[in-house]
Amino acid sequence: MTARTHIRVLLAAAAIAAAPPVARASEADAFENKIVPISGQLYGKGGRFELEPLAALSVDDAFYAKYFGGVRAGWHFSDFWSVAVTFQGGASQPTSSTSLCTASQGCKAATPEQLWQVPGDIRWLGGAEVLFSPVYGKVNVLASAVLHLDFSLIAGVDFIESQKVLSAAQAAQVASSGGTPGNVGAPGMHLGLGTHIFFASFAAVTLELKDYLYFTDIGNLNANKLQNQIFVELGVSFFIGQPSR
Amino acid sequence: MPLPRTLLLLLLAAPGVAGAQGLGLDLGGPQKKAEPQKAVPAPAAKPAAPMTLDAINVAGRSAGRQRMDAAKRLYDDKAWESAAVGFDEILRDRSIAAEHDEARYRLAQSLEKLGLYYSAFSRYEEILAKGPQGSKFYYNALDGLFSAARHMANDRVVLAGTARLAGEKMPAEYQDRLNLLLARYHYERGRALLESGQAAEARRELEEARRLAGQVRPGATSAAIGSDVGNPTENLAARARFVDGTALYALGSEPQALDAFKDVIRLTNPRKTAQSDARVRELAFLQLARIHYEHKQNRYAIWYFGKMPWGEPLWLEGLWESSYAHYRIGDYEKALGNLLTLHSPFFVDEYFPESYILKAVIYFENCRYPEARSILEDFTRRYEPVYQELVRLTARKVPPSTFYEEIEQGQKAGDADRGSLMRKVMKIALTDDAIDRLNDSIQQLEKEMDEGVAGRGRFARTALGEDLLQRLKADRARLVEEAGARARQKLEAERDDLKRLLEQALRVKIEVSRKEREALEASLAKGAPVNVLRPYRYTTAVSDEHEYWPYEGESWRDELGTYSYTLTRGCREGPGRLSSP
Amino acid sequence: MPSISMRAPLRTLSWLLVALPLAVHAQEMPGLDLSSPAKDKGKVAAPSPTAKPAPAAEPGTPLEKAVGVPGEADAALEDRVKAVQRKGFIKQNRFQLTAFVAPTVNDAFYEKLGVGGMLAYNVQDSFAVALRGAYWFAFKSQYVKQGAFAFQSQLLSSQLYGTAMLDGIWSPVYGKFAWLGKSIVHFDAYVIAGGGLAWSATSGAPRNEGPHVAGDLGAGIRFYPNDWTCLDLGLVGTFYADQKDTALPGNIQKVVAITLGVSFFVPTRFEYYYP
Numbered sequence: 004m005t006a007r008t009h010i011r012v013l014l015a016a017a018a019i020a021a022a023p024p025v026a027r028a029s030e031a032d033a034f035e036n037k038i039v040p041i042s043g044q045l046y047g048k049g050g051r052f053e054l055e056p057l058a059a060l061s062v063d064d065a066f067y068a069k070y071f072g073g074v075r076a077g078w079h080f081s082d083f084w085s086v087a088v089t090f091q092g093g094a095s096q097p098t099s100s101t102s103l104c105t106a107s108q109g110c111k112a113a114t115p116e117q118l119w120q121v122p123g124d125i126r127w128l129g130g131a132e133v134l135f136s137p138v139y140g141k142v143n144v145l146a147s148a149v150l151h152l153d154f155s156l157i158a159g160v161d162f163i164e165s166q167k168v169l170s171a172a173q174a175a176q177v178a179s180s181g182g183t184p185g186n187v188g189a190p191g192m193h194l195g196l197g198t199h200i201f202f203a204s205f206a207a208v209t210l211e212l213k214d215y216l217y218f219t220d221i222g223n224l225n226a227n228k229l230q231n232q233i234f235v236e237l238g239v240s241f242f243i244g245q246p247s248r
Numbered sequence: 010m011p012l013p014r015t016l017l018l019l020l021l022a023a024p025g026v027a028g029a030q031g032l033g034l035d036l037g038g039p040q041k042k043a044e045p046q047k048a049v050p051a052p053a054a055k056p057a058a059p060m061t062l063d064a065i066n067v068a069g070r071s072a073g074r075q076r077m078d079a080a081k082r083l084y085d086d087k088a089w090e091s092a093a094v095g096f097d098e099i100l101r102d103r104s105i106a107a108e109h110d111e112a113r114y115r116l117a118q119s120l121e122k123l124g125l126y127y128s129a130f131s132r133y134e135e136i137l138a139k140g141p142q143g144s145k146f147y148y149n150a151l152d153g154l155f156s157a158a159r160h161m162a163n164d165r166v167v168l169a170g171t172a173r174l175a176g177e178k179m180p181a182e183y184q185d186r187l188n189l190l191l192a193r194y195h196y197e198r199g200r201a202l203l204e205s206g207q208a209a210e211a212r213r214e215l216e217e218a219r220r221l222a223g224q225v226r227p228g229a230t231s232a233a234i235g236s237d238v239g240n241p242t243e244n245l246a247a248r249a250r251f252v253d254g255t256a257l258y259a260l261g262s263e264p265q266a267l268d269a270f271k272d273v274i275r276l277t278n279p280r281k282t283a284q285s286d287a288r289v290r291e292l293a294f295l296q297l298a299r300i301h302y303e304h305k306q307n308r309y310a311i312w313y314f315g316k317m318p319w320g321e322p323l324w325l326e327g328l329w330e331s332s333y334a335h336y337r338i339g340d341y342e343k344a345l346g347n348l349l350t351l352h353s354p355f356f357v358d359e360y361f362p363e364s365y366i367l368k369a370v371i372y373f374e375n376c377r378y379p380e381a382r383s384i385l386e387d388f389t390r391r392y393e394p395v396y397q398e399l400v401r402l403t404a405r406k407v408p409p410s411t412f413y414e415e416i417e418q419g420q421k422a423g424d425a426d427r428g429s430l431m432r433k434v435m436k437i438a439l440t441d442d443a444i445d446r447l448n449d450s451i452q453q454l455e456k457e458m459d460e461g462v463a464g465r466g467r468f469a470r471t472a473l474g475e476d477l478l479q480r481l482k483a484d485r486a487r488l489v490e491e492a493g494a495r496a497r498q499k500l501e502a503e504r505d506d507l508k509r510l511l512e513q514a515l516r517v518k519i520e521v522s523r524k525e526r527e528a529l530e531a532s533l534a535k536g537a538p539v540n541v542l543r544p545y546r547y548t549t550a551v552s553d554e555h556e557y558w559p560y561e562g563e564s565w566r567d568e569l570g571t572y573s574y575t576l577t578r579g580c581r582e583g584p585g586r587l588s589s590p
Numbered sequence: 088m089p090s091i092s093m094r095a096p097l098r099t100l101s102w103l104l105v106a107l108p109l110a111v112h113a114q115e116m117p118g119l120d121l122s123s124p125a126k127d128k129g130k131v132a133a134p135s136p137t138a139k140p141a142p143a144a145e146p147g148t149p150l151e152k153a154v155g156v157p158g159e160a161d162a163a164l165e166d167r168v169k170a171v172q173r174k175g176f177i178k179q180n181r182f183q184l185t186a187f188v189a190p191t192v193n194d195a196f197y198e199k200l201g202v203g204g205m206l207a208y209n210v211q212d213s214f215a216v217a218l219r220g221a222y223w224f225a226f227k228s229q230y231v232k233q234g235a236f237a238f239q240s241q242l243l244s245s246q247l248y249g250t251a252m253l254d255g256i257w258s259p260v261y262g263k264f265a266w267l268g269k270s271i272v273h274f275d276a277y278v279i280a281g282g283g284l285a286w287s288a289t290s291g292a293p294r295n296e297g298p299h300v301a302g303d304l305g306a307g308i309r310f311y312p313n314d315w316t317c318l319d320l321g322l323v324g325t326f327y328a329d330q331k332d333t334a335l336p337g338n339i340q341k342v343v344a345i346t347l348g349v350s351f352f353v354p355t356r357f358e359y360y361y362p
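Residue numbers (my numbering), protein chains in the order written: chain W, 4 to 248; chain B, 10 to 590; chain S, 88 to 362.
In case anyone wonders, no lab produced these hints; they're calculated from the structure.
Cβ atoms here follow ideal geometry from the backbone N, Cα and C, with glycine treated the same way.
Check before you lean on any hint, since a few could be wrong.
EDC-like mimics (lysine to aspartate or glutamate), calculated; alpha carbons at most 16 Å apart, straight line [claimed, not checked]: (1) Lys524(B) - Glu491(B); (2) Lys145(B) - Glu98(B); (3) Lys228(W) - Glu116(W); (4) Lys436(B) - Glu398(B); (5) Lys305(B) - Glu374(B); (6) Lys436(B) - Glu417(B); (7) Lys518(B) - Glu374(B); (8) Lys341(S) - Asp220(W); (9) Lys331(S) - Glu358(S); (10) Lys232(S) - Asp220(W); (11) Lys139(B) - Glu98(B); (12) Lys37(W) - Glu321(B); (13) Lys269(S) - Asp220(W); (14) Lys508(B) - Glu530(B); (15) Lys37(W) - Glu359(B); (16) Lys406(B) - Glu501(B); (17) Lys436(B) - Glu374(B); (18) Lys227(S) - Asp63(W); (19) Lys518(B) - Asp505(B); (20) Lys37(W) - Glu414(B); (21) Lys524(B) - Glu374(B).
Just the calculated beta-carbon pair ranges, DEER-fashion [unchecked claim]: (22) Gln211(S) - Phe205(W): 52 to 58 Å; (23) Ser107(W) - Asn338(S): 18 to 24 Å; (24) Tyr208(S) - Ala550(B): 47 to 53 Å; (25) Asp553(B) - Gly204(S): 51 to 57 Å; (26) Gly464(B) - Gln179(S): 44 to 50 Å; (27) Val188(S) - Asp86(B): 55 to 61 Å.
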């Protein structure tokens, strides 16, 4: 396994997770260990149901870029812990890396037969996840706007349906018959980071970065390979119910 | 002139004073063996060793000596319960009186090892009462007295004990601590005499306090008598100078008192000394602030209030008092900001009823009559029930112990009862420093009784155990009586003060109504509002060293004390800006 | 404005109230229990959720027209209240030495790992100039082989070896967060931009094109654990022109990497200029 992006995500998550216990404004927080950090928190999630329509964009793609839409529904046990289920699907498009350039003929897009031999064409994915939100904070932008936000660590399990990855011979056969490769599903998991940026007591902009991991057969290599798929998900979360305090 | 809290603040210096460092020096004569300094263990959880002594070989030694040796072996083997019982049995046997002197000291030591500090302290006192000529273990007992005292919450017991040691000669490093304790003792006596109107006697006591404080050597710290893990090293010289300052203030020599407190600040500068002694440093800043405030030097007072370190026990009190100083100079922004901290949910249990009056007056002075009215109504809604409860409590003809029992119940009220009247009222009682310390002592005594003695199984059923329980119960009863009596006085005083505040609130409300009526009449006559509520300026600009956060109803603990108001409307021009970032 | 005749009783009342602290609280020392994180302070009864300050309601009755209408139940929300707190960390006039690693996030075929350092001087607390340099190591991913198989072609890439940049760092954003409801962590967010040189495979033999002009742009956040260190997390893109193959036109190469760094500040302590 190469040093893939999911390790980068883990590193980033570890950096954020490790930072707070040591990173603190010690002189500015004279009441540490004496009273709670915040009282009268404006935006609470505990005891509330969250519904989020979202749009997702894949990043760091080798062969296919994905443009998905989806929905997520979750329940917040407390301000720190929540669970959610999510489903998203949409369209994919070959990346510029699949352009084939020759000195004599210039650049042209790869053929469908060629594209059937590479992974990454995800159709839809759905799963369940657990979120841990150890952080609630605020940001002052240019002394004019204060944003309240939280940060979450995300882990979940998924089922991912993607286009079957054919070998060259299989692709030629399918192409000649005028068919399509078909889809194949695989279980997977994901890790990620997320943030809610609150703009109302009942709503927030949600931004998440998730790395989906799943195995798929690569026809040309006759091997089952681990796939990394990073999605940036942007949505608007609606919180239903009153926060528990 | 009444002697306000400046004098009482001295009491707050007590915990550290009472907390003497561990003592490892052998102060005994040449015939005495050096007593190894051992760490005081937590009370043993398991049942004690058997209560009988080993078989004794009587050949060639007196019976008393043999019993003493056997008990000492148990002590050396860390079987402190058995050792204590053994020493106690020696004391009860009149036929071996020659061993009683050592047995008395060893018993005290054993009790200290068992964590029975009050019991040990009283045993050490018994030895010290005999004087240096009356016991070979006098200086060892002195060592033990300081050692046990640092575990005791109530310094008054320590003060009373050390008062008897006045005039005794001892090594310099102990002498400093003793002089400091004695200085505080004479100061307290002087203050009490002043309160009772005996001015001449009080003056003598205060002068004696000054004399003793002056005998503490420059640079003296508690580190000289051994380190004490867990207790910060005290700057004895600074504390002595603080006692001197408070005595000077009580004697009416305020300029000299100021100099003394400034010396304390210099002596505890953390950049120049390792023994910065945050406690006495905070007290000195508070004293300096109060004296300047008393003499209407408000900006100096504000400066000193601002130097009080954040998060320390007196910080909130200083914040409250500085609100008045800010009000006096017309800095309503900062005054209201401080009050916002006081009224934040973090400090909902704290008792500052007058802060609502001040807030209402500020709004009143800015012609914000509806807001002033609502603040006063909020004050009345919060504190009228408290006043009624105080009236009911103080009208009862009950013994003082009943008051203390109610304090205990109030403390045990859980989260569900957090807003309960009882809890509020008992919190009022515990704002009195003396009651708070008595409460700590009583809890400590109860723990010593329940866990230290009664919880030790067979040890509790020995003659020594029963004697200890009896003495501790008597001590507890005495402290409960004292705490209850003080609580009654405190509640009566607070009842009267709260009544005055409620009356003031009513008077301010009447003024508000009058102003509203006048404003209405004037606007009806003119057909337009007369007192135009002009908008104020508000700036978000801060220096590079600061962060600006608008208050939106969410309180962050690191913002406490940094709030600044801008009244968006009012009949005054915005107050002149201080040099704030 | 109150007339003079009304001022006297007002002032008397005011001074009476002013005199209260000494009189009322004589002989006592209220104590604030901050000694331990008692459980009963854990769940503080929060006020009911409040919205941002609402404009004062329109006056209705003649009295309200005369004296105004109170807006929020909490007067503090009707007025403007600000907290002006000291920053927990001052960077001005301090040197900053940073060591970082930077895995790329935009190349699925040839992943790169940058290892480098930065020397910065904080001219202001919110602005610094910096010299940044990094060595880059490339790792071939599984997709190179898959692509070669599928497309029967060779994947060209610009092999980046090193970068040296002169940057400006601007921190207009500061913030703080509560960690697990216990500690408060301050951070700031920065934008970094600048220019410099990038060395790739074409810089040396056989093409000997020398270093390429490069620019970088990015953003990040920094956390401050004590007076002399900080933890840095950023996303920086480095852009330089390169021609991967003489048969192909040159284009702008983009290397976008997450940076994870640790910084040390000299001097190791700071002083507040303002009281």
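| said: What's the verdict on lysine 524(B) and glutamate 374(B), does the C-alpha distance respect the 16 Å limit or exceed it? | reply: holds (11 Å)
| request: Using the beta carbons of valine 188(S) and aspartate 86(B), state whether their distance is inside 55 to 61 Å or not. | output: Since the Cβ atoms of valine 188(S) and aspartate 86(B) sit about 59 Å apart, the hinted range of 55 to 61 Å holds.
| task | With a cut-off of 16 Å on the C-alpha distance, tell me whether lysine 508(B) and glutamate 530(B) pass. | result | Violated, at about 33 Å.
| task | Given the hint that lysine 331(S) pairs with glutamate 358(S), test it: the Cα-Cα distance must not exceed 16 Å. | result | Status violated; Cα separation ~51 Å.
| query | Within a Cα-Cα threshold of 16 Å, do lysine 269(S) and aspartate 220(W) meet the stated pairing? | reply | Since the Cα atoms of lysine 269(S) and aspartate 220(W) sit roughly 47 Å apart, the hinted pair is violated (cutoff 16 Å).
| Between lysine 228(W) and glutamate 116(W), does the CA-CA distance stay at or below 16 Å? | It is violated: about 20 Å lies between the C-alpha atoms, which goes past 16 Å.
| said: With the threshold set at 16 Å, check whether the alpha-carbon distance from lysine 37(W) to glutamate 359(B) stays at or below it. | reply: holds (15 Å)
| query | Has the given pair, lysine 406(B) with glutamate 501(B), been kept, meaning a C-alpha gap of at most 16 Å? | reply | holds (13 Å)
| Does the Cβ distance between glycine 464(B) and glutamine 179(S) fall inside 44 to 50 Å? | At roughly 59 Å between Cβ atoms, glutamine 179(S) and glycine 464(B) fall outside 44 to 50 Å, so the hint is violated.
| task | Confirm or reject the claim that serine 107(W) and asparagine 338(S) have a C-beta distance inside 18 to 24 Å. | result | holds (20 Å)
| Keeping to a limit of 16 Å between CA atoms, is the pair of lysine 436(B) and glutamate 374(B) held or broken? | Answer violated: lysine 436(B) to glutamate 374(B) is near 32 Å, above 16 Å.
| said: Given the hinted pair lysine 305(B) and glutamate 374(B), is their Cα-Cα distance within 16 Å? | reply: With Cα atoms ~20 Å apart, lysine 305(B) and glutamate 374(B) exceed 16 Å; violated.
In the structure shown, a violation is registered for the earlier hints numbered 1, 2, 3, 5, 8, 9, 11, 13, 14, 17, 19, 20, 22, 24, 25, 26, in ascending order.
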